[in-house]
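Chemist: So you can see what is in the structure, the chains are spelled out below.
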Amino acid sequence: MAFVSSGYDPKEPMKDRMADIGPRHFDDFYPPVIKRNKGKWLYHEILEPGVLVHVSESGEEIYSVRVGGARLMSCEMIREICEIADKHCDGFVRWTTRNNVEFMVDKKEKVEPLKKDLLSRKQPGGCFKFPVGGTGAGVTNIVHTQGWVHCHTPATDASGPVKATMDVLFDDFTSMRLPAQVRVSLACCLNMCGAVHCSDIAMLGYHRKPPMLDHEYLDKMCEIPLAIAACPTAAIKPAKIDLPDGKKVNTVAVNAERCMFCGNCYTMCPSMPLADTEGDGIVIMVGGKVSNRISAPKFSKVVVAFLPNEAPRWPQTTSVIKKIIEKYAEGAKKYERVGEWAERIGWERFFEVCDLEFTHHLIDDFRDPAYYTWRQTTQFKWPSK
Amino acid sequence: MAKHETPLLDELESGPWPSFVSDVKREAQFRKENPRNINFQIPADAPDDLLGVLELSYKHGRTHWKHGGIVGVFGYGGGVIGRYCDQPEMFPGVAHFHTMRVNQPGGKFYTTEYLRQLCDIWQMRGSGLTNMHGSTGDIILLGTQTDQLEEIFYELSHNMNQDLGGSGSNLRTPSDCVGQARCEYACYDTQALCFQLTQDYQDELHRPAFPYKFKFKFDGCPNCCVASIARSDMSFIGTWRDDIRIDQKAVAGYVGGEFKPNAGAHSGRDWGKFNIVAEVVDRCPTKCMRFEGGKLEINNKECTRCMHCINVMPRALRIGEDRGLSILVGAKAPIVDGAQMSSLLVPFLPVEEPYDELKAVIEAVWDWWMEEGKNRERLGELIKRQGFQKLLEATNIAPSPVHVKEPRSNPYIFWKAEEVEGGFDRDITEFRKHHLR
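Chains P and D, in that order, are what the protein sequence lines are. Quick note, the first sequence lines up with residues 10 to 394 if you use our numbering. Quick note, the second sequence lines up with residues 958 to 1394 if you use our numbering.
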């Protein structure tokens, strides 16, 4: 493993420096049919799950075959994608915002061989490498975060629960039987790099124990005022304590009753870890969306306060999600998103229909918005028994 | 033989969905065999050790990654996330495992030539593992060591003409929807605008000078496929001011069953015959549509451009021709003050190069936020703390009913002295002449 220089000279870092050049121009990467028809598309149609055609006013068409995949992707897998794109798509390929890969061809007769090739490729355990689907009124790929693969603050893994969930929802990835699209997301902590706060169904990693305090190192590792300021509920205050060896150190004290387990203090101070085997798990949120279609974008609502981390396949989490989707499929009207369905039937009915227990954890008590979620009307539904 | 036993992870190698475990094992095996004789610049067994440390997390139910250290490339304050394993002796291959964010191209279109070049660099100088893509949109190169950072940056920039993305308290890598490249709904060229603003604000992207992170996202229409309204401090969402274009013949095509509604999105179930009144006219949130005598009418003045009718009948209905975008501001995830959606600031701006009008709004917002924002306060939180009025003042935008869902229901108005006749300075002695104590 001899060091190989790129040409960079550490003694003269500014020599030939190229900085602030930005991303490559998108024009470099458009398939020719896109270059010719950009801004001229007339309409599109989903021919079958995972296969779209877009028709231009020029009469040209582009067929896109959408496949799901793991966001955590090896270079060898990328090279295989390149091999397929070279073989079928003249060396062009794209990714969607939800971690799907799209192979595009300019003629209908190229679709079937491409699809056949994609579906023939499997991993050693039998998993599809390139499942075709993720379009229309179904479940598409899950957007998610890093989890235990690479993050320092997660309360759950990301890639694992996503794989387990997509296995359970696989039929809805490859079909379009639902009333509308269902967007599933996962964020492994409240930082929500995955922005799960506006998804039809969201898994959110959550801690449930206040931070531990590494007193001996806290003042050395952290800016105590920043840790204190990071707390949204003012649960942290400065403290001085005597270590077992008699040394007096500056540290902090945490008022456990006020802690909402957000982990913001840990982000500022590594001497305040929250992670815990029993404490950490998954919150299920439901009914959010980002589209402005029919109703305004909505936040997701917490419907299950906690499910334990059951590695490697998170069976309780996946079964709750499956149940919600089945009940939604049964009960919602065409075009109705999960949140619109829950609002139409009423959340009291939603809990009944989905057979989810309503506990005190689900009543908002965080600041002003809480009041607006309580019921200021005599209108409510009786249980149907 | 794998380097570490991973019985828990192995359970994720069955089922239909692609297995990331199998994929990481594939890269591990490739590095072990090294058929292309790559001169690996970080430990060849990094993917093995990543599986090892992940297996340990599956056993413990806790992460084994430490807080990042400050690592990066010379002159940049972002683009690299330092990451260290908390069990370096057990997993030396990932003891140092830093992430590099590579600014993705617009619309995430690629040539295989580009992707292979990237793999060439990354398999030699990094773990060979990536995220395609990170949540903000970057290509994520997952795991390398400090001495490779400058080398990778040098090769990316010199050999691929490719820069890093953002991290930390700066402009994060902007991202866009597929837009006019392959979508008939796009009201402006999201890729052109995203690219130009990314270029114009390279300094803001690479050198953290903001109170906290700041995100731009570009959605071509109100369907919001990149979730700009939920995920970006400044959301640029395409819209139009004139009429939805109607092709009555195509409307008849939908009514007659010739075309599938919603572009075929519901074909997996028998929903019965398409009913234009029930599925389109009655679903319209403003009830501005009518279907009579086989003709669809839209009272465009009352339309709020929700996209439903266009989504249901893309062959018959098209976005208007007087197009531009709306700017909404302040979206963020929950940390710390609760989640926020973006709020409408600029109802309409045409999207015309060199985008001066648009940039004037952006820069006015930044000036205000950089002046008033506290450390780690997102724009949305500042707007909440100081009030929407302050944002309007800072951007010199006139208040209008479109800025609110409804007017305030309390009368606690912060009147300013100059708004009240005679101002606030009064003479108590004069007052007492007429009002005894």
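Do not take every clue at face value.
Unchecked claim - When the alpha-carbon atoms are kept at most 16 Å apart in a straight line, the in silico EDC-like pairs for lysine to aspartate or glutamate are as follows:
(1) 49/P <-> 37/P
(2) 343/P <-> 1227/D
(3) 20/P <-> 1107/D
What the hints assert, rightly or not - Listing some non-contacts, in silico: residues in chain D with all C-beta distances to chain P over 12 Å:
(4) 984
(5) 986
(6) 987
(7) 1040
(8) 1071
(9) 1098
(10) 1252
(11) 1258
(12) 1281
(13) 1328
(14) 1346
(15) 1368
(16) 1377
Hints in this document: simulated from the structure, not taken from any laboratory. A quick note: this is a predicted structure, and the numbers were derived from the prediction, not measured. Quick reminder that beta carbons are idealized off the backbone N, C-alpha and C, glycines included.
Chemist: Hint by hint, note whether the structure agrees.
Modeler: Hints, one by one, checked against the model:
1. At roughly 19 Å between alpha-carbon atoms, residue 49/P and residue 37/P are farther apart than 16 Å, so this suggested pair is violated.
2. At roughly 11 Å between alpha-carbon atoms, residue 343/P and residue 1227/D fall within 16 Å of each other, so this suggested pair holds.
3. A C-alpha spacing of about 12 Å is found between residue 20/P and residue 1107/D, which places the hinted pair at or below 16 Å, so the restraint holds.
4. Chain P draws residue 984/D into its interface by the beta-carbon criterion, the shortest separation being 4 Å against a cut-off of 12 Å.
5. The claim that residue 986/D is not at the interface with chain P is violated, since a C-beta of that chain comes within 12 Å of its own (minimum 9 Å).
6. Not every Cβ of chain P is farther than 12 Å from the Cβ of residue 987/D; the closest lies at roughly 5 Å, contradicting the non-interface assignment.
7. A Cβ of chain P approaches the Cβ of residue 1040/D within 12 Å, the least distance being about 6 Å, so the stated non-interface status is violated.
8. For residue 1071/D, the non-interface assignment is contradicted: its Cβ lies about 7 Å from the closest Cβ of chain P, within the 12 Å cut-off.
9. Under the 12 Å C-beta cut-off, the non-interface status given to residue 1098/D relative to chain P is violated; the minimum distance is some 10 Å.
10. For residue 1252/D, the requirement that its beta carbon stay farther than 12 Å from each beta carbon of chain P is met, with the minimum near 20 Å.
11. The claim that residue 1258/D lies off the interface holds: its Cβ sits roughly 18 Å from the closest Cβ of chain P, which is beyond the 12 Å cut-off.
12. Residue 1281/D, annotated as away from the interface, keeps every beta carbon of chain P farther than 12 Å; the closest lies near 15 Å.
13. At the 12 Å boundary, the C-beta of residue 1328/D stays outside the reach of chain P, the nearest C-beta of that chain being 19 Å off.
14. Remark: the non-interface label on residue 1346/D is consistent with the geometry, its nearest Cβ contact in chain P lying 18 Å away (cut-off 12 Å).
15. Consistency note on residue 1368/D: stated as away from chain P, and its beta-carbon is indeed over 12 Å from all of that chain's, at 18 Å minimum.
16. Residue placement check: residue 1377/D keeps its beta carbon more than 12 Å from all beta carbons of chain P (closest about 28 Å).
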